[in-house]
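Asks: Chains as they are written, first to last, in our numbering: chain A, 1 to 168; chain B, 1001 to 1589.
Heads up, a few of these hints could be off.
Which residues of chain A face chain B? A few of them, derived with a C-beta cut under 7 Å, are [to be verified]:
id	residue
1	16
2	26
3	29
4	30
5	69
6	72
7	74
8	139
Worth flagging that the hints you see were computed from the coordinates, not collected in a lab. Every residue gets a Cβ at the ideal spot worked out from N, C-alpha and C, and that includes glycine.
Letter by letter, the chains look like this.
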Amino acid sequence: MSEIVSKHTVSVLVDNEPGVLARVIGLISGRGYNIDSLTVAEVDTEKHISRITIVAPGTEQTVNKMISQLQRIVPVKRAANVTFEKQGIEREMALVKIVSTGEKRVESMRLSDVFRARVIDTTHDSFVFELNGSPRKIDAFIDLMKPLGLSEVSRTGVVAIARGTEKM
Amino acid sequence: MVNIQMTGAQMVLKAFEDHQVDTIFGYPGGAVLPIYDELAKERDTNQPIRHYLVRHEQGASHSAEGYARSSGKVGVMLVTSGPGVTNSVTGLTDAMMDSIPIVCISGQVPTHLIGTDAFQECDAVGITRPCTKHNWLVKDINDLSRILHEAFYVASSGRPGPVLVDIPKDIQFQTGTYIGPETVKHKSYRPKLKANIDQIDDALKLIAEAEKPIFYTGGGVINSGNAAVQLLREFVRLTGFPITSTLQGLGAYPGDDSQFIGMLGMHGTYEANMAMNECDLMINIGARFDDRITGKIDDFSPNSKKIHIDIDPSSINKIVKVDVPLIGDVAHVLEDSIKLWKSKVYKINKTPLKEWWKTIDKWKEKDSLKFASDKNTIKPQYAIQRLYELTKEKDVFVTTEVGQHQMWAAQYYKFSKPNRWITSGGLGTMGFGLPAAIGAQVAHPDKLVIDIAGEASILMCIQEMSTAIQHKLPVKIFIINNQYMGMVRQWQELLHDQRYSHSYTDALPDFVKLAEAYGAKGIRVQKPNELDKAINEMIEYDGPVIFDCVVEQNENVYPMIPSGKAHNEMLLGDETKKEEISDEGKVLV
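Chain B extracted, bound-state conformation (with noise of 0.2 Å):
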């Protein structure tokens, strides 16, 4: 590899091309003029970058998630100092929580200036320290091709997460040595992605003893790839134990299949929380015993031993103790693991499993998902049953935003790859779902891509209309409009009496206006009979739609785990409505 001379712009360029990224999420501003006026320079190239102009930096953060979390690549993003920086924040820390893999440059102001309050100055490296896995502020331009790819190789490996390489401009204008890529390596960071063998053997023993044993798998798999999701559904199949998922990890297995007992947590299904309360083996592959997961942890799983599966040393006994901790990449593990299986010709103990299969189809009978359904109003789940059915033959990417919609969402849409289901579980970012949808669509320009929205979380973002017009990019935007942010009008139903402060939103604009506004189609429908064609009609139109599905507006999610307690104290449908819930768990969100 030769040296080049080149100035710091042409590097931040040159660094894109090194690691393949032809796609980043931007917003120009004073601080990165020199990175953008070598886009525009590079526009008449073979292979220029693609530049997706957004409407707020928030809506790139985003859409740079919605590009990682749909395709497996690093989501870019280029944003100018101060507040393209503080706007960044939210997705940054979205995609932190989540372990999503995010390069984002920033400009910053003059060397010289920093520290002097200039114009559009923050202090980016200090602001984005908690929210980033690791953040550079580059102040020599012969470390900046150096920083570049450390920051490429931070984001991307070990579990994966969000880096921001903050760039003065007279940085950017300046010449400097460009080293490649495969002479950079970091200093000090080396994940481990095997785990120890004999460790993986004690988990196995324990594997072909149990007698009541579970699958709990979180988003860790579809992180480590298409390999580790192949292996786990080898893995599941070999042993034909129950499996479940986090919200995070949905499409990992196969939403259809038998061995999958639906989704766990807060609003998980019956039978799969019940079968991890009774469970006395649980296989935790890359899931963090969140707390949506757990309920009150003193009464978590009591009679279980666990096995836990995690590249990231600090996740294992964070909050649960586990008796076998493997920590690795998901796929190394369980390829590992599938081998010594085979060659040691571990059995799985047959019997016991029946009966263990009997007692789970027993909770299954309680239906935990149905719902009344309603000859006048739409019922919300029974529009994403709707959406389900029309969409399932084709490859569709859903992404959401955040509260009732997305419950409704992972609990009635069936996914069946991975990157298909895109939704902002850790932080629970309102807002997240259409420019996560605007970065799938970008990844994947000829496949159908529907954010599952609610009424309020759409606003939050709904300026990226206009980036999603721009760029031609045919989102389907499907609201549960209740008119009320439905999650916390449920809490405050089940919590506070029912004192509905501030949740209801009394000035909502006509949706269907709207759309038109920005230059898309707007769908509106209040009626179940109707619902059918106008799905129809939202999916065949070849360009951006709003599609307003008005639904009862009292209905809540069920089942529910209130929070502070246990899994076997599920509230089911209406029947328990008016449950105490004690001070303890009132503190908690």
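So here's chain A without its partners, still in its complex pose (with noise of 0.2 Å):
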């Protein structure tokens, strides 16, 4: 198996009940893992079924025995790789605040449009810019912004879901 280290997308189908997130993430850093990112959200409102995405470094091996690991959990339905290179769609969300003014506020608007970023707030030294798209995506956007006035970012963490036919 690949011992490459590099960041995978976890999906995990549990039973929305009191404690259960404590029991996925206690899992993971009781075991020596790190997470990236996390989100957590009911998907489905009459069985109560949460899906929790999580995004990890490791092996494709240290992976797999964290994935097999979180079904031990009760309340975990499933649990599965999502990572983009398997076929996997990954979203996530931020919202981007810029303080400047002048030249660097408008090269900042300039390029918010390239990156289909939308503006939710401003003010006459500021904009708070709200962009979808592959954490790639937003990687670069916040790369960018740095020269421009970069005050502050929130992230939503990946969310990720198969392509095609296929379900979890």
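Need the complex rebuilt from these two chains, each delivered in its own frame; the hints are there to steer you.
Replies: This is the structure:
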């Protein structure tokens, strides 16, 4: 198996009950794995099923081990690796605050257009942009904004789903 | 089923009744008083629950384990909030590691005080989350009965394990609706019992072709129950293959049978480990490729195909990559395997198997469990051999503490039935043996129960002697007394140039007087020729006995696979004592 450390996106379907997130996160941290991002929300309001998406660095082997251990948790229904390379789609949203005036302000506005970011708040000295896309696109946008008065960033973390007819 | 109104405390007892629980181990305290009050009220009924009052909650947890491990039933314990829960953590972790079904009911401070650092408050579900299979904090009286039924279901199904239900005191007082167990179904937890039949067929083809096969069985067979044990015996005899077992699996296959080649692993027999190393087919049934078994993982059985039967999918490919995984319950998988084997008229590969047995018999000639006897001092191995010889006609339940005596017990005491060997394998809990023996004795009041102990381990839960006396449980504690934490001393000898750092106990109690102080019988033996008579005296005494068997202090457990070495690099007795252990090996435990 590959020994290369890369980012893996793991989707976990769980019964939405008290403590379930703590169980999932506790297992991951307790075994020394790191987490880059984490998102949670209920996806089936009738059956009370939540979907947890975890981005974690690791080799394929460590991530597979993590997934089998996750499957041992009683309220975990399913866990799977849905990494981009494995035909998964990944999306993230970011709110990016720029504080600047003059030429920099104009430039940030111009670049936001290229990235199809929306302005959702503004003052004479600031913008808050809303941006959707792959984590890489958001990274690139943030990098470009750094010299233009980047003040603050808030990101949702990755959500992911498999392409095509495949279901988790 | 009529839904009945009752208090939370009554629901706990009603759930016990509905799940055929007649025995619990516990210790009262402020946050469980309502439940204890119900226990007092039902004491006069026809079939009161038998409550065994322990002396420390760790004792309750190990007693519940001893009860569960010796009977196959769920062990139940009842403790109070705060220290009651934290004291139980060792036993819960022990049960988690060895997959033992335990239901722990804990009291909690009333709901309105949770999170206020109230007296005897602790985050019970937080603390026990990693050491239980699942746990619940009950916040609504109308959830209580459902949660209790789920708790019994989760503890005992799939890969068994401990669960904890934390019940705040106000919930115990409140009245709500009790629903019966038959209407409760866990919403998602459904362990898979039957393996894929095509995969079973793949496994059988490998078995039919194998030239140097071996069965490697573990605690999963015993957890699966008596049917699994019978089916295993049938399948092993059907094939004529050699069989070895992990520490936890001893007794599933008769220890004195000619196909059984002894325990494997760090202190397993030479023939078992060599056979594992050189086999071309390994059939793992209910074992988990633990590090005590595999030794150096890169050199673990390098030329074999591997079949792995396990109910827990996360065990598959966790440590060793296998060729045919069979996810399911051992009994179901073996039943299907035997049926399919017969219907497809598979035949084993007889000629090479004969050759394989010849090779194994050659290894056996090494007689890896031999030891030098001594006329003046008792060798620990000899003590256990004599204990076995003098008790083997009886149906004996043996528990152990952890250390050298545990390994010698595993090597020299032979088990012909499952559930007779009760040991802390995964966690390695010193102090396990006495409370576990109490639990086993409770489950089997008329049987002989022996805790094979070390003088260091026994002191970790010695307070439970008082429990044994109070409840008239005639457990026998057979202490292999070498004044050292023997296994620590052995490792210090082999790995740390004989610097015996803090592994010698300078001030031990007089175990005979200690026994008498508790109201038990004490026996001390120092000479080999006095041993038999004293063992018989112990067996015949009607009541608890502490047997102080003073043994040779410097004896080591052999054979031994040193840390970081492969199966074929075993140390046998004293011949290779000065073997270098690599730095890489030293960091392993």
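Asks: Next, verify each hint and record whether it holds.
Replies: Cross-check of the supplied hints:
Checking residue 16 of chain A against chain B by beta carbon gives a least distance of about 11 Å; that is not within 7 Å, so the hint is violated. Interface restraint check for residue 26 of chain A: the shortest CB-CB distance to chain B comes to about 6 Å, inside 7 Å, so the restraint holds. With a cut of 7 Å, the hint placing residue 29 of chain A at the interface with chain B is violated, because the nearest CB-to-CB distance is about 10 Å. Annotation: interface hint on residue 30 of chain A holds; nearest CB of chain B at approximately 6 Å, less than 7 Å.
At its closest, the beta carbon of residue 69 of chain A sits 6 Å from a beta carbon of chain B; the interface hint therefore holds under the 7 Å criterion. With its C-beta approaching chain B no nearer than about 5 Å, residue 72 of chain A sits inside the 7 Å limit, and its interface hint holds. For residue 74 of chain A, the shortest C-beta to C-beta distance to chain B is roughly 4 Å, which falls under 7 Å, so the interface hint holds. Annotation: residue 139 of chain A was flagged as interfacial toward chain B, and the flag is violated, the nearest CB pair being 34 Å apart, outside 7 Å.
Against the hints set out earlier in the document, violations occur for numbers 1, 3 and 8.
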